[in-house]
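Chains F and Y, in that order, give the protein sequences.
First residue of the first sequence: 1, per full-length UniProt numbering; consecutive thereafter.
First residue of the second sequence: 1, per full-length UniProt numbering; consecutive thereafter.
Think of the hints as simulated: they come from the structure by calculation, not from any bench.
Possibly wrong hints are sitting among the right ones.
What the hints assert, rightly or not - Mimicking EDC-like on lysine to aspartate or glutamate, the simulated pairs with C-alpha atoms at most 20 Å apart in a straight line are:
hint, chain 1, residue 1, chain 2, residue 2
1, Y, Lys-219, Y, Glu-121
2, F, Lys-219, Y, Glu-183
3, F, Lys-340, Y, Asp-228
4, F, Lys-131, Y, Asp-228
5, Y, Lys-249, F, Asp-272
6, Y, Lys-214, Y, Glu-121
7, Y, Lys-161, F, Glu-144
8, Y, Lys-187, F, Glu-144
9, F, Lys-342, Y, Glu-121
10, Y, Lys-237, F, Glu-205
11, Y, Lys-259, F, Glu-144
12, Y, Lys-243, F, Glu-287
13, F, Lys-216, Y, Glu-163
14, Y, Lys-259, F, Glu-332
15, F, Lys-342, Y, Glu-163
16, Y, Lys-249, F, Glu-144
To be verified - Distance ranges between label pairs, derived from CB positions:
hint, chain 1, residue 1, chain 2, residue 2, range
17, F, Ser-220, Y, Lys-213, 42 to 52 Å
18, F, Glu-102, Y, Glu-262, 50 to 60 Å
19, Y, Ser-122, F, Glu-70, 30 to 40 Å
20, F, Arg-222, Y, Asn-37, 16 to 26 Å
21, F, Asp-186, Y, Glu-79, 41 to 51 Å
22, Y, Asp-63, F, Asp-186, 21 to 31 Å
23, F, Glu-70, Y, Asn-208, 16 to 26 Å
24, F, Gln-320, Y, Glu-262, 15 to 25 Å
25, F, Lys-342, Y, Ser-239, 41 to 51 Å
What the hints assert, rightly or not - Stretches of chain Y that chain F covers, calculated by requiring three or more beta carbons in the stretch to come under 8 Å of a beta carbon on chain F:
hint, stretch
26, 61-73
27, 148-157
28, 172-178
The beta carbon of each residue, even a glycine, is placed where N, CA and C say it ideally should be.
The residues making up each chain are set out below.
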Amino acid sequence: MRPRPVCFARPLFARAYASPSSPHALLFLDHRKGVIDPGSLSALTAASQLGGQVTGLVVGANDHVSSVLEKAKSLKGLTSLLHSTSDIYAEPLPETISPLLEKILSGSEYTHVVSTPSSLAKSILPRVAAKLDVPAVSEITSLEHDSASNSTTFTRPIYAGNAIATVRLPSTVPVKFFTVRGTSFDAAPSEDGKDIPVQAVDPVEVSSPTQHVSTKIAKSDRPELSVASRVVSGGRPLKNAETFAAILYPLADALGAAVGASRAAVDAGYADNSLQVGQTGKAVAPELYIALGISGAIQHLAGMKDSKLIVADPDAPIFQVADIGLVGDLFEVVPQMVEKLKQ
Amino acid sequence: MRPTPSRLLNILVPVKRAVDYAVKIRVNSSQTGVDLNVKHSMNPFDEIAVEEAVRLREKHKSDIKSIKAFTIGPPKSVETLRTALAMGADSAVHVELPESAPSPEPLSVAKAIRSYIGKQESEGGVDVVILGKQSIDDDLGQTGQMLAGLLGWGQATYASKVELDLGKKEALVTREIDGGHEEVRVKLPMVVTTDLRLNEPRYASLPNIMKAKKKPVEKLKPEDLGVDFTPIIETLKVSEPPKRVGGGKVESVDELVEKLKEHGFTAV
């Protein structure tokens, strides 16, 4: 009853104020040297669920941007594309990209800024959000936008996934920043013959306090961990880097799986840091997760318990979340598995 | 030769009191949050931040003028500051919130740190802020980046190695990134956030714990920094994650492979 008389008394004002503005998301399309980060496709699916337009933003060096645009044009859910090309973006830094984002967002119609939680995006988005004086929500697993109240409700894991928080960014937050947990949304597919407007944005020249020096990427022919449908993960009992490789890689290759590792295995130097699965490493949710020599600390479970089928040692705490358990010496069991899988 | 005053660095290390990483947390019955009547300790990434500050001083000796720990939280957060002091910080600042106050959000924490840094100008300013990359309770991972943005400083997130060049007033930082790592050169003043790989935090010795009790802890109120800590993000509900149904045990590799094949997992 309360607001009604006011609305009727000032219908024009009420209409202007309450008419739902359609959401328009700006999706930061992360890529490495022109190859779109697979998580960005899941972020696009999430952005589409807001129910409005989705504009993709591609930032980088000329060659890289053109190859991303070529692929992105046909992505389902994207309604337009922006790109900004400059040599200063060839090695992306938050200090150089943030001013560009601020320029694009200032006085714009964008209601949301969305991205995959890649290490680059996680470094950039909060920096920009703070400049716009708005909060940000990290690694959401579901969302619902209410156009009438211009508020967006998200769920996200907290406490290493041991609780799920339902949080709302109210209408007082004009631009709502969030990153999307890739394992909770399907990757947006491509559609043939799609044509969407593509517009260039001038780069913002800034004197950055930070310079890029070098990048070292661990080369691997195996699927990317965060999007692999099968993951074989190893822990400390694998003894050293050589046995880690000798035991895990043949099984991973037989299954076409990505290789993951527990923190203990990474700390002991058996595997590269980027293979760590868990609260502070990668979150994975493959069809199949095989845990070898992993006891299953809270922090590890945080990164893999949404997997569809989990195989682990029944004597370890990790079996509480596993579907199939086998007790045995992994140095004997794993080679047998490889052999029998191949039969 | 004595270093010139302009080369003396002040390091600020914001730390957070969080539910201990080993505690199995429980959602409260009213679904408003988790049961906080459990063991708390310093957020593990912040321990790494304190350790790094102390190591930088051990390396650069008197060129590091001060290491100050900073926290925002209820009265008990002072214990977390004492831990930082016992590890080697010189002094601490406690922005005290009421016991029942909700946990402040990264944006307001970043604003409070910025405000505090502003107040330090007369004392020689702050040159390096080292924070954890995320706290293990809200898992947001934003405060360092927000702070760098507000200050307009360079940022080195997910650091696994920090080398200061005091002559050039810059740092060479190795960062953990997806698929590998990168090196960046950042001009001071700067913000660093720590990855697990940066160092192995020390245990505070008993004598150092005793000494820490005598180190100064400055008390501030939110009003002193002009920051409102009321959350902007509304928490509607906190619930238990879906439980997995327990699985079955198999006796042999044959049986395991058979099960895998049943589920459609064959060799490629």
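Looking back at the hints listed earlier, which ones does the structure fail to meet? 3, 5, 6, 7, 8, 9, 10, 11, 15, 16, 19, 20, 22, 23 and 26
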